Amino acid sequence: SYDFDASIPLPRVRPMPSWILQQWTDMDEMPYEAYTPSLGEAKILAAAFAGLPAPMKKVLSERVIAVYLVKGLKGNGITEWVLDSSSRPYVYMILNPAGFRQNLSQLLTERDRTLFRGPVDIRVESGELPGIFYTVAHESTHAFDYVRDVTPCTDPGVYEARHPGAKAAGQWDAWAEYAKPKPEADYPLRTKLHFYGFGAPELDASQAAELCSQWAGTPFASFYGSRSWAEDLAELFVLRHLTQDMNQPLRRICGGKVYSPWDNPKVRERARKLLKPLYR
Numbered sequence: 065s066y067d068f069d070a071s072i073p074l075p076r077v078r079p080m081p082s083w084i085l086q087q088w089t090d091m092d093e094m095p096y097e098a099y100t101p102s103l104g105e106a107k108i109l110a111a112a113f114a115g116l117p118a119p120m121k122k123v124l125s126e127r128v129i130a131v132y133l134v135k136g137l138k139g140n141g142i143t144e145w146v147l148d149s150s151s152r153p154y155v156y157m158i159l160n161p162a163g164f165r166q167n168l169s170q171l172l173t174e175r176d177r178t179l180f181r182g183p184v185d186i187r188v189e190s191g192e193l194p195g196i197f198y199t200v201a202h203e204s205t206h207a208f209d210y211v212r213d214v215t216p217c218t219d220p221g222v223y224e225a226r227h228p229g230a231k232a233a234g235q236w237d238a239w240a241e242y243a244k245p246k247p248e249a250d251y252p253l254r255t256k257l258h259f260y261g262f263g264a265p266e267l268d269a270s271q272a273a274e275l276c277s278q279w280a281g282t283p284f285a286s287f288y289g290s291r292s293w294a295e296d297l298a299e300l301f302v303l304r305h306l307t308q309d310m311n312q313p314l315r316r317i318c319g320g321k322v323y324s325p326w327d328n329p330k331v332r333e334r335a336r337k338l339l340k341p342l343y344r
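Quick note on my numbering: the sequence shown kicks off at 65 and runs consecutively.
For the record, the hints were derived by calculation from the structure and aren't laboratory data. Since the structure is predicted, the reported quantities are computational estimates derived from the model, not experimental observations. Any given hint could turn out to be false.
Unchecked claim - Simulated crosslink set (BS3-like; lysine-lysine; CA at most 27 Å straight-line):
id, residue 1, residue 2
1, Lys244, Lys256
2, Lys337, Lys244
3, Lys340, Lys122
4, Lys107, Lys135
5, Lys330, Lys340
6, Lys256, Lys330
7, Lys122, Lys337
8, Lys135, Lys121
9, Lys244, Lys330
10, Lys246, Lys340
11, Lys121, Lys107
12, Lys321, Lys256
13, Lys107, Lys122
14, Lys231, Lys340
15, Lys231, Lys246
16, Lys244, Lys340
17, Lys231, Lys337
18, Lys138, Lys107
19, Lys246, Lys256
20, Lys246, Lys330
21, Lys340, Lys121
22, Lys121, Lys337
23, Lys231, Lys244
24, Lys138, Lys244
25, Lys138, Lys256
26, Lys246, Lys337
Claimed, not checked - Computed Cβ-Cβ distance ranges for the label pairs, DEER-style:
id, residue 1, residue 2, range
27, Lys256, Met91, 22 to 32 Å
28, Ser82, Ser324, 39 to 49 Å
29, Ser65, Arg315, 37 to 47 Å
30, Gln87, Pro228, 22 to 32 Å
31, Pro247, Ile317, 25 to 35 Å
32, Pro81, Lys256, 35 to 45 Å
33, Ser71, Ser150, 14 to 24 Å
34, Ala114, Leu147, 21 to 31 Å
35, Trp83, Pro247, 42 to 52 Å
36, Lys246, Thr100, 43 to 53 Å
37, Ala233, Ser82, 34 to 44 Å
38, Arg315, Pro220, 29 to 39 Å
Every residue gets a Cβ at the ideal spot worked out from N, C-alpha and C, and that includes glycine.
Kindly generate the complete structure, drawing on both the sequences and the hints.
See the structure below:
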């Protein structure tokens, strides 16, 4: 079905097969179109993959079937799992080419603003690199997690498919369940977060300062990272990769107040502990 060829070097960009495109078009009820990157965009994408840690690139080389670009994608990226006849997980990635046109600051600001009804005084400062660097880092973490099981499961469906009749661990680090933090890590407005139009926004613009204040006391790298333990791992890697590996800023500014998650000891220590498999 997927015509996997490990000899093709990363990023392994290929035209999206029409049957996969139709699946996602129907699922998201969006008029998706396959996208072919320009030569310049292909070089940017290759650079984003080249900058990942060596253990991640090894896993991606062995298990990424293809990277597809889809115009108008709802969100920045998707990583989906596929099992071979021995139940080994492989993945394909779908990336939004808008990440070539927006820089990191614009892309991450736009993501956070989808939480709110109407214009809101919140922005993310993360430098001028193309936003696709964020998407590649985030989705590559999911790919690594699918293969190496850093979390108990990247999503419940893949665990059930690989282990029929078994149940994944119910807790992991700051999480009581897959999408429910332990009480000491949770914050009241977390349950009202809906990104990218997947669910109507529940937050008014006037609640932005309160949301930032609540989140700042948690061990999560971003609002998005508090959605599930899979997103938590991906956002922790994004934070460390951008700030420590690529020397980019990553701070959230809300009502004139600056929040820098790498300066939060809870976030920083979790990143150093949980991301060890991705670096060595």
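Name the hints, by number, that the structure is in violation of. none
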